[in-house]
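The sequence shown begins at 3 in this note's numbering and counts up one residue at a time.
The hints are simulated quantities; they were obtained by calculation from the structure and are not laboratory data.
In this text, a Cβ means the ideal position worked out from N, Cα and C, and glycines have one as well.
A portion of the hints provided could be inaccurate.
Said to hold, decoys possible - Straight line, CA to CA, 20 Å or less: simulated EDC-like cross-link-like pairs of lysine to aspartate or glutamate:
1. K13 to E39
2. K63 to E40
3. K63 to E39
4. K5 to E45
5. K5 to E34
6. K7 to E34
To be verified - Quick list of simulated restraints, FRET-style, between CB atoms:
7. K7 to T36: 27 to 33 Å
8. H9 to K63: 16 to 22 Å
9. A68 to E34: 30 to 36 Å
10. T36 to A68: 28 to 34 Å
11. K63 to M3: 16 to 22 Å
12. K7 to E39: 25 to 31 Å
13. E52 to D4: 27 to 33 Å
14. L38 to S64: 26 to 32 Å
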Amino acid sequence: MDKSKYHATLKEMHEAGVDKDYHHGWASGALENTPLEEQRVTEAYTAGYEDGQNGVLDGYKSWLIAKA
């Protein structure tokens, strides 16, 4: 994934109010970083990591947090 698409997607996620674990997982997966240790992994992180690895750019929409 090219840098501009990577940064634009992270910005879009942040502005939309995505779950922070999904955001972190997606960034790690997109950069092909080693995943977190098992005890620190959440469902949102795993979903984000897999989406990042696979170049899914809109999967975050399932992980938006309602703004109060």
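Status of the hints after comparison with the structure:
Between K13 and E39 the alpha-carbon distance is near 26 Å, which puts this suggested pair outside the 20 Å criterion. A hinted pair counts as satisfied when its Cα atoms are at most 20 Å apart, and K63 with E40 does not qualify at roughly 25 Å. The suggested pairing of K63 with E39 is violated, with an alpha-carbon distance near 25 Å, which exceeds 20 Å. Distance check on the hinted pair: K5 and E45 sit about 26 Å apart at the alpha-carbon level, beyond 20 Å; violated.
This hinted pair checks out: K5 and E34 have alpha carbons roughly 13 Å apart, not beyond 20 Å. A distance of roughly 15 Å separates the Cα atoms of K7 and E34; the hinted pair therefore holds under the 20 Å criterion. Look at K7 against T36: about 22 Å separates their beta carbons, and that is not inside 27 to 33 Å. Separated by about 19 Å at the C-beta atoms, H9 and K63 satisfy the suggested range of 16 to 22 Å.
The beta-carbon spacing between A68 and E34, approximately 32 Å, falls within the hinted interval of 30 to 36 Å. As the Cβ distance of T36 to A68 is approximately 32 Å, the hint placing it in 28 to 34 Å holds. Here the CB-CB span from K63 to M3 is close to 18 Å, well matched to the stated 16 to 22 Å. Separation of K7 from E39 is about 29 Å and conforms to the stated range, judged on CB atoms against 25 to 31 Å.
Distance hint check: the CB atoms of E52 and D4 are about 20 Å apart, inconsistent with the given range 27 to 33 Å. The hint said 26 to 32 Å for the Cβ distance between L38 and S64, and at roughly 20 Å that hint is violated.
Hint violations for this structure: numbers 1, 2, 3, 4, 7, 13, 14, all remaining hints satisfied.
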